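Undergrad: Below, each chain spelled out in residue letters.
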Amino acid sequence: MFSEQAAPTAQGLLAPPSAEPSTFARAPVSTYTDCTEPFRLGQRSFSRQYAHIYATRLIQMRPLLEERAQHKWGSGIAMRKLCELQAGEKCCVVGTLFKSMQLQPSILREISEEHNLLPQPPRTKYIHQSDELILEDELQRIKLEGTIDVQKLVTGTILAIYGSEKDNGKFLVEDHCFADLPRQLPMRGPSTNHFVLLVSGLGLGSGSGESLLSMQLLVDVVTGQLGAEGEQSSAAQITRVILAGNLLSQSTQSRDTINKAKYLTKKTQAASVEAVKMLDEILLQLCTSVPVDVMPGEFDPTNYTLPQQPLHRCMLPLASTYSTLQLVTNPYQAEIDGVRFLGTSGQNISDIFKYSSMDDYMEILEWTLCVGHISPTAPDTLGCFPFYKSDPFIFTDCPHVYFCGNAPLFSSKLLKGRDGQQVLLVTVPDFSATQTACLINLCDLSCQPVSFSGFSADEDEGDMEIGH
Amino acid sequence: MQCFLCVFILQVTYKWLSYTLGVHVNQAKQMLYDYVERKRKESSGAQLHVTYLVAGNLVQNGYICHKVAVVREDKLEAMKSKLATIASVHVYSIQKALLKDSGPLYNTDYDIIKTNLQNCSKFSAIHCAAAVPRTLAEVSQAHTSAQIDSQTPNDMQVASVPVTNGQVPSTAKQASQQPKGIMGMFAAKSSSKSQDTHKETKPESKETIGVSTASSKPPAKGNTMSNFFGKAAMNKLKASSESEQAKEEREVTKPSVPAAEPKLLPTTTVEKPGKKTEPVKIQKKDRKSRAKRVDLSDNEEEKEAENLKKKRRRIKQPQSDSSDNEDGPASSISQEDRAPTPSPEPPPKAGLEPASTEVKASTGGKKRKRRRVLKSKTSLDDEGCMVTEKVFESESCTDSEEEFTKAKPASLHRQSTAPVKKDPKEDRRGPKKGAATASKANKQVSIMGFFQKK
Chain R
1 MFSEQAAPTA QGLLAPPSAE PSTFARAPVS TYTDCTEPFR LGQRSFSRQY
51 AHIYATRLIQ MRPLLEERAQ HKWGSGIAMR KLCELQAGEK CCVVGTLFKS
101 MQLQPSILRE ISEEHNLLPQ PPRTKYIHQS DELILEDELQ RIKLEGTIDV
151 QKLVTGTILA IYGSEKDNGK FLVEDHCFAD LPRQLPMRGP STNHFVLLVS
201 GLGLGSGSGE SLLSMQLLVD VVTGQLGAEG EQSSAAQITR VILAGNLLSQ
251 STQSRDTINK AKYLTKKTQA ASVEAVKMLD EILLQLCTSV PVDVMPGEFD
301 PTNYTLPQQP LHRCMLPLAS TYSTLQLVTN PYQAEIDGVR FLGTSGQNIS
351 DIFKYSSMDD YMEILEWTLC VGHISPTAPD TLGCFPFYKS DPFIFTDCPH
401 VYFCGNAPLF SSKLLKGRDG QQVLLVTVPD FSATQTACLI NLCDLSCQPV
451 SFSGFSADED EGDMEIGH
Chain V
1 MQCFLCVFIL QVTYKWLSYT LGVHVNQAKQ MLYDYVERKR KESSGAQLHV
51 TYLVAGNLVQ NGYICHKVAV VREDKLEAMK SKLATIASVH VYSIQKALLK
101 DSGPLYNTDY DIIKTNLQNC SKFSAIHCAA AVPRTLAEVS QAHTSAQIDS
151 QTPNDMQVAS VPVTNGQVPS TAKQASQQPK GIMGMFAAKS SSKSQDTHKE
201 TKPESKETIG VSTASSKPPA KGNTMSNFFG KAAMNKLKAS SESEQAKEER
251 EVTKPSVPAA EPKLLPTTTV EKPGKKTEPV KIQKKDRKSR AKRVDLSDNE
301 EEKEAENLKK KRRRIKQPQS DSSDNEDGPA SSISQEDRAP TPSPEPPPKA
351 GLEPASTEVK ASTGGKKRKR RRVLKSKTSL DDEGCMVTEK VFESESCTDS
401 EEEFTKAKPA SLHRQSTAPV KKDPKEDRRG PKKGAATASK ANKQVSIMGF
451 FQKK
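Line by line, the protein sequences give chains R and V.
Each residue of the first sequence is one higher than the one before, counting from 1 in the numbering used here.
Each residue of the second sequence is one higher than the one before, counting from 1 in the numbering used here.
Calculated from the structure, these hints are not laboratory results.
Where hints are given, some of them may not hold.
Cβ pair distances, simulated, as ranges [claimed, not checked]:
hint : chain 1 : residue 1 : chain 2 : residue 2 : range
1    : V       : D111      : R       : P317      : 18 to 28 Å
2    : R       : T56       : V       : K100      : 58 to 68 Å
3    : V       : D111      : R       : C370      : 16 to 26 Å
4    : R       : A261      : V       : R134      : 40 to 50 Å
5    : V       : D111      : R       : F46       : 39 to 49 Å
6    : R       : D149      : V       : D111      : 48 to 58 Å
7    : R       : H52       : V       : I447      : 44 to 54 Å
8    : R       : C370      : V       : L21       : 48 to 58 Å
9    : V       : K80       : R       : Q422      : 32 to 42 Å
10   : V       : N61       : R       : T396      : 25 to 35 Å
11   : V       : L21       : R       : P122      : 26 to 36 Å
12   : V       : K100      : R       : H312      : 36 to 46 Å
13   : V       : K114      : R       : K262      : 32 to 42 Å
Nothing here was measured: the structure is a model prediction, and the numbers come from that model.
Just so you know, even glycine gets a beta-carbon here, dropped at the ideal spot from N, CA and C.
Please work from the sequences and hints to get the whole structure.
TA: Quick look at the structure:
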């Protein structure tokens with residue numbers, strides 16, 4: 001993409017100063033629609049039970065699943081509720097999955113004094129051989145066994161199972177199916193190359209300066225300061241930059257005020273203050289040149305529960321004077337130049353990673369799309385707002401670009417759905433670790449990683465991994 | 001330009017040069033290159049170390065990655081050979097000493113950007129038409145509209161989903177329930193009081209009226225406290241004409257409902273001294289139920305309609321009344337006491353005094369018949385300090401007895417119900433606090449009120 005266009009004039013700047021340096025106009029965004037309305041919470045009341053989310057999730061997804069089930073196993077199959085089950089009868093049941101895991105951290109066990117248990121140390125994965133799957137619907141629940149991958153599935157998934165109830169009261173599963181990809185609106189992308197840059201995990205305030213130069217290089221490339229003329233003209237075609245969460249580093253999260261004595265922490269500033277100032281400066285540089293969408297992430301100063309609300313503009317006084325700065329929610333949904341984007345800062349994927357045997361972020365990302373829900377483990381293991389009218393995390397229509405931030409590695413995949421849907425799945429890597437960002441071409445839905453590096457003292461001659 | 005470069009300290013990046021000279025970044029890059037070439041041709045002693053920026057395609061992890069790297073001159077060729085396609089090469093910086101790592105480059109860039117934050121894209125090769133800083137007016141407009149937006153969805157949510165945004169109605173409910181609780185206590189106390197003072201019909205009727213006012217209070221209290229405050233202020237303003245009588249009414253009635261006051265007017269005037277203890281007690285009860293505001297509002301309402309400043313003083317007076325002050329005679333004295341304290345309401349005081357004296361006179365006769373269990377009396381002592389004393393009066397006590405007996409009434413009233421229980425406490429506290437209250441008389445009464453409640 002970039003390189004091919006730029007190659008002819010690559011060495012053009014290795015020359016005496018030319019009379020008139022060329023400037024390029026930023027490619028304007030022809031259409032932008034912010035579709036984050038379902039994720040914006042007005043007045044938040046937490047006085048409700050979380051059971052309502054599951055109820056509404058089931059109600060919303062049941063018709064979809066019944067249709068899929070009939071499509072898969074024939075329209076003649078019997079659709080039953082759990083209360084109508086008869087032993088031995090082959091039927092199809094739609095319900096919510098619950099995985100009972102013995103290693104799942106339970107707050108009740110932790111605070112229970114009679115067990116005298118120490119709090120469980122955090123693990124990367126909480127799966128165990130003895131985990132069990134249970135299907136629940138509005139009234140009952142039943143244990144599942146049979147051809148169903150217990151380790152892979154997670155709590156909160158809505159699925160349809162086909163099988164029969166056995167004499168021991170358990171349901172023998174012969175087959176199961178998910179909601180699959182929803183229908184997709186046709187994409188009306190731009191005719192020329194327009195790029196969107198996805199970055200996540202800037203990790204400011206970490207105290208280590210390894211990725212700072214890379215970040216500066218990123219900003220310089222996007223704003224057109226770096227590179228020869230060809231590259232600059234290519235960079236002018238970047239119409240948008242999306243920062244997908246974790247703008248602040250995890251190390252800004254430490255709250256000394258809790259652990260240390262007050263006299264030690266009286267005059268110390270929270271680490272996030274300095275980090276947010278840096279963020280403001282970086283955003284200012286970007287905003288003067290390109291529209292930026294800022295999504296909050298796990299370590300950013302906003303609420304913890306999903307959907308995370310936008311960062312407040314008062315934190316970014318310099319950058320928020322520009323209308324090109326957009327503070328958006330996590331998850332984020334928008335239509336940019338006719339291409340529908342949907343993505344999160346990665347909390348949903350990493351939570352499923354912990355409770356499932358799936359290891360690859362791309363696999364999990366694809367799986368959430370197939371299941372039809374952005375974050376099935378919310379609210380069980382991932383904090384979530386107690387919705388009760390509707391579950392905004394259910395896919396209503398299929399996006400064209402579906403991304404998740406803060407993945408360990410970059411990967412992208414073009415997924416083709418059964419009904420002709422085409423989705424570009426992108427896992428955006430953590431910039432502070434990988435110094436890599438993603439460049440998406442809206443014209444043909446292709447994605448290219450862009451990595452930045454400086455040089456450091458411990459580089460050997462002819463070594464391949466300079467800064468990466 | 002050359003002489004300029006000769007003077008450079010340690011390193012010059014293209015960005016630094018661009019900002020310092022005010023030239024396009026590309027020109028700066030070319031200038032650097034030019035300088036390096038010339039210097040090298042001259043082959044002067046000084047060694048120049050150059051770093052380059054290289055960008056291009058690189059196959060990495062199965063993806064064609066666009067790589068952008070800053071490399072030292074000696075690694076330049078190696079990097080170029082790694083890249084499948086070279087997108088750009090240009091000079092990044094020149095420095096006198098060999099750089100071990102790219103940290104200092106970042107620092108130089110950071111410093112120069114920091115000093116030029118406001119026009120950081122001025123010399124860039126890309127200009128964005130949309131990136132126009134909003135003026136302060138636009139920003140504030142956007143801010144308010146965002147607030148309105150956030151509020152209107154709330155309203156809409158409230159309208160359409162009353163249960164979801166149950167916070168609003170629930171808080172209102174809670175607010176109303178709490179006053180209800182207070183009022184409930186009031187009502188309970190007033191009813192018990194009525195039991196105590198069953199001897200007099202008038203007091204009973206007053207009690208019932210009081211109860212009715214109490215019951216009517218909850219709805220009034222349904223408003224938030226601020227509304228209540230505002231309402232009270234409004235009421236005060238309204239009732240300015242009936243200040244004296246209104247005051248009496250209020251003193252008699254439990255805090256609040258202005259509507260109830262006119263009702264009590266006819267009944268209260270005569271009973272004022274007798275009722276003094278009632279309102280005092282009620283006030284105390286109010287305080288007990290942590291309704292300082294109730295007291296305040298109570299006082300506000302009790303006071304003649306004045307502005308908030310006056311309200312404040314009003315609060316003082318009845319508070320001091322309740323805090324060990326007695327009724328009629330005491331109140332008049334207390335009002336006189338108030339005179340020395342800066343008060344914007346000499347006229348009301350004057351108005352009050354006659355009212356209280358009148359009340360005093362009128363209630364003198366009634367006292368015998370029905371006496372409030374608890375009375376606190378404020379009197380001015382030699383130095384002009386207020387001294388408040390708690391005096392218990394039995395129902396059958398006469399005026400004279402009131403003044404002198406402090407301990408006696410305590411024993412007499414042991415058998416009374418809850419309201420009376422306050423008396424022993426207050427009695428105990430009364431003598432103790434005689435001096436304390438004197439000094440505290442000029443302070444916020446609320447503190448005394450706190451003790452009172454107990």
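Undergrad: It remains to establish, for every hint, whether it holds in the given structure.
TA: Against the structure, the hints:
1. Judged by the Cβ atoms, the range 18 to 28 Å given for D111/V and P317/R holds: they are separated by roughly 21 Å.
2. Range check, T56/R to K100/V: about 59 Å between beta-carbon atoms, so the 58 to 68 Å window is met.
3. In this structure the hint that D111/V and C370/R lie 16 to 26 Å apart at CB is violated, the actual value being about 50 Å.
4. Judged by the Cβ atoms, the range 40 to 50 Å given for A261/R and R134/V holds: they are separated by roughly 45 Å.
5. At roughly 46 Å, the beta-carbon separation of D111/V and F46/R lies within the given 39 to 49 Å, and the hint holds.
6. At about 56 Å, the beta-carbon gap between D149/R and D111/V stays in the expected band of 48 to 58 Å.
7. As the Cβ distance of H52/R to I447/V is approximately 47 Å, the hint placing it in 44 to 54 Å holds.
8. About 57 Å separates the C-beta atoms of C370/R and L21/V, a value consistent with the hinted range of 48 to 58 Å.
9. Between K80/V and Q422/R the CB atoms are about 37 Å apart, so this pair conforms to the stated range of 32 to 42 Å.
10. For N61/V paired with T396/R, a C-beta distance near 34 Å keeps the hint of 25 to 35 Å intact.
11. A C-beta distance of roughly 54 Å is found between L21/V and P122/R, which places it outside the suggested range of 26 to 36 Å.
12. For the pair K100/V and H312/R, the supplied restraint of 36 to 46 Å holds, since their beta-carbon distance comes to about 41 Å.
13. For the hinted restraint 32 to 42 Å between K114/V and K262/R, the CB-CB distance of approximately 34 Å keeps it satisfied.
Taken one by one, the earlier hints fail for this structure at numbers 3, 11, listed in ascending order.
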